[in-house]
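A.B. asks: Model the placement of chains B and C on the given structure of chain A, informed by the hints.
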Amino acid sequence: MGIFEAILLTVITAATPLVLAAVGELVTERSGVLNLGVEGMMIMGAACAFIATQVTGSPYVGILAGIASGALFSLLFGFLTLTLVANQVATGLALTILGLGVSGMIGEAYVGQSGIKLPQIVFPVLSDIPFLGPLLFKQDLIFYLSIAVVVGVNWFLFRSRAGLKLRSVGDSHASAHALGINVIRMRYLAVMFGGACAGLAGAQLSLVYTPQWVENMSAGRGWIALALVVFASWRPWRVVAGGYLFGAVSISQLHAQAFGIGIPSQFLSALPYLATIAVLILISHNRRTTLINTPASLGKPFVPDR
Amino acid sequence: MKKILFALATTAAVLGFSASASAQEKAKVCFVYVGSKTDGGWTQAHDIGRLELEKALGDKIETQFLENVPEGPDAERAIERLARSGCGLIFTTSFGFMDATVKIAAKFPDVKFEHATGYKTAPNLATYNSRFYEGRYIQGQIAAKISQKGVAGYIASFPIPEVVMGINSFVTGARTINPDFKIKVVWANTWFDPGKEADAAKALIDQGVDVLTQHTDTTAPMQVAAERGIKAFGQASDMIKAGPQTQLTAIVDTWGAYYIKRTQAFLDGKWETTSSWDGLKDGILTMAPYTNMPDDVKALAEATEAKIRSGELKPFTGPLKKQDGSEWLKAGETADDGTLLGMNFYVEGVDDKLPQ
Amino acid sequence: MRIELERRPEVSRLFSILSPVIALALTMIFGGIMFLLLGKNPITALHSFFIEPLMEVWSLHELAIKAAPLIMIGVGLSVCYRSNNWNIGAEGQFIAGAIAGSILPVVFHEWHSPLVLPLMLLLGMLGGALFAGIPAFLKAHLNTNEILTSLMLVYVAQLFLDWLVRGYWRNPGGMNFPETRTFDPVAVLPEMIASGRTHWGFGFALIAAVAIWFMMRYTLKGFEITVLGQSERAGRFAGFSTRKMIWFSMLLSGALAGLAGIAEVSGAIQQLRPVISPGYGFTAIIVAFLGRLNPLGIVVAGLVLALTYLGGEAAQLSLGVSDKVTRVFQGLLLFFVLSCDTLIRYKIKLVWSNLTGTATEGAH
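Heads up: the protein sequence lines correspond to chains A, B and C, in order.
Numbering of the first sequence is given in my numbering, commencing with residue 1 and proceeding in unit increments.
Numbering of the second sequence is given in my numbering, commencing with residue 1 and proceeding in unit increments.
Numbering of the third sequence is given in my numbering, commencing with residue 1 and proceeding in unit increments.
These are computed hints drawn from the structure, not numbers from a lab.
Treat the hints with caution; some may be incorrect.
Below, a list of computed lysine to any residue pairs in the SDA-like style, where the Cα atoms sit at most 20 Å apart [to be verified]: (1) K138(A) x E227(B); (2) K107(B) x L343(C); (3) K107(B) x L37(C); (4) K314(B) x T176(B); (5) K28(B) x P109(B).
So here's chain A without its partners, still in its complex pose:
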């Protein structure tokens, strides 16, 4: 295995949770809801996935637990912001505080335990393709799921009737409501999808990335995922591009250090953030294309008049 391939493998592991959480949040935001609680849902997913795996001995049960906990936790956000029309920004942030607290509480007994790593699923023949084989066909289930989710979301949003409805809810909830679409239900589903994806991303952290549980182990990755949605101007494949770009720069700077290039590590550590800003500037100069993809009702509450 060459060093380039090795770097790419590390990048994939680092980028997968970002892509997953960001694609989930993308669907939520496309429905017009801004959920800043990604970090909280992700850490809940990580804790619950790890605990379920330790209890049952099966990381696949862990994956389910991660997804379920993320979705359930997002329901709390949904109830406050959709049913009670509480402020979305503040509720999302409060969700993060609560998630960090609850996950720390329930995970306390599991700190220091060695986890079970999610096994690789190897596709015969395909995995023997030089270079690409080990990268794409010798991975764990969550990686395959992350690709499936991106493909699925892309198809759903732009090729399916339900996706069209969801986008119309996000663009103008009043008109969507007038057309007979149940805005609130649509948004609940989108919020829960976002939660499930963030929970799955959390499961990746505690089952694949580093099979262990420690408090606060998401370490700000939820925030990066939020930024990626904006970076991608709400388009799924751009989330993948952004996530992998961020991951690639993060990993390369570690290699640069190990190589001994003598630049202060703080500057190297800042590179992924600066690179993301730079690329966003390059791709967002065209005001019209950006506006087309921005959900116009993002963050605005909706109460059907009765």
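C.D. replies: Chains B and C only, in chain A's frame:
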């Protein structure tokens, strides 16, 4: 005992408290933690020390702690809260608590304070630290014996003297076995981010190191080393569970011995301000069992440990050169504590640049 | 059963006062249950959280110190959010202000003059404003989304501060530890009230709150902010410029965050260190919304949030619970406060589903 109770009572009285509450109960020994008590690393090691203290002197004292205390004004408030709530002896367990501890110590002259890893003292403020670098010297020797390629990977947190000292000690130890031994350093810029630590470990392994050591707090690098089939050293606690076939040994922080010693002195009324910097011989750090290595390496490590304990061997003994090739210590000369505590240069053999 | 909302004809004055009270009551009930389940005495717990920090003078001072940066940043952010500019990088602007303001006491530490402190504060505001100017410029002229840029710049600011205090600004007499020299007394923000530690940072926060409240309520600028925030089109018809508003609101909130940063460093820490904020810039976002984006409400919200931090510590000691429990409690309180605010604009109806057959379905 009477003396302390009297001291407590006066403190409380001066502050306009009812003295009765604290005077009739057990003496309170309190701790301020920078992390969570179950962080699996630095703070947990202190908390284990606290529990040992309770076990040893539980009939005479009770303990309390505040965890996840941010450095800065929050720390000042947390320490003051403990001082006001009747704590007679307060341990502040992070370097970043130094100035906060100094300020509060000046405000509460009758309460005793102990600050970990700092350098400012007062009549009622002592400092304590552990010679972790003694363990790193042993690790360096083991690494040089085990490594086929003669290159070790070092995951570092932040460039502070403590960490630099560890890197230098590791290299110095390794070079006693293999004079051409080299290390590659990656600064993770965090104490605590399993993902980032794992990434750093992978980067180092991909660049060809075949033994790994870390100065960050989680077991993630150990897990990666296990997965990639190379050997590694644990940090702060025995990480053997994360790598049963991987861990060679670990530097285990065992603060309990110190906490018991100082609390006993406090109870006997013999507490005095000190700047103690204990090492392997005092039991403030211990080496986890030497595992996963050939018997001759194990014997070497044990011999080195014994020599350090007896004082026969000091890790930083000349002839030693700095990274740029200039002389640091002449043959037979040993480094003084002041230089070590403020160390901000590398010795020969480190493949990295320090921020100046 | 499901919940339906019915819009009130006008904002309820009664409930805008009553809703926090209801929220507090609900928090006490649910928090009490949580503490019971944990085997702790709920009365002691609630006492530690809400009463104990308010019973002693020193603790009140600590409350003010903790609330000061939250209020100052929150007030600035409220202007941003009211005008639809999503600055979530106040944490970075706080750090930038702290760095800029510290140039004098760190680099020119031999200059002792009464001018030092005012200049520091000015530099702090300037630093914060300039740093917020980056996302402002990118949004106003290059159409780049400010949520991403302002957030990413937080990390850049943190790393830059880290580099400074470990490198060029390191205290030469500090055993090579990562901190700057401690500030000279002329560079230290004085205490405000004789009875304790509260420094003028709290005073500045209150002044800023009143000033912004006045601006929003009585000046044309305030009207412009509100109009542009509610409808960009309406604003343009009125002759207001969205672009200018981006600059104005971002620079203003950046300057206030920067002032909060230098006030915190000068008043409470007296040196720069690798980490100078436990996330004030992010917590202030909650404070801004908790205060309903009203500067005077933000003062109250900042004090309440600060109270939960102090109370959380008190509870750790009195109950022996971990700080995770106190964070969960804090989350509960926030949830109840946010959801009870619904009552101000809406009537909440519980509807039994078998009684309704209309087309408009609620959720659940």
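A.B. asks: Within a Cα-Cα threshold of 20 Å, do K138(A) and E227(B) meet the stated pairing?
C.D. replies: OK: K138(A) and E227(B) at ~15 Å, within 20 Å.
A.B. asks: For the pair supplied as a hint, K107(B) and L37(C), is the alpha-carbon distance within the 20 Å limit?
C.D. replies: 39 Å, violated
A.B. asks: Just to be careful, I want the Cα atoms of K107(B) and L343(C) compared with a cutoff of 20 Å; is the pair within it?
C.D. replies: 48 Å, violated
A.B. asks: Can the restraint linking K314(B) and T176(B) be considered satisfied, given a maximum Cα separation of 20 Å?
C.D. replies: It holds: about 13 Å lies between the C-alpha atoms, which stays within 20 Å.
A.B. asks: Would the pair K28(B) and P109(B) pass a check requiring their Cα atoms to be no farther apart than 20 Å?
C.D. replies: 16 Å, holds
The structure fails hints 2, 3 (numbered hints given earlier, in ascending order).
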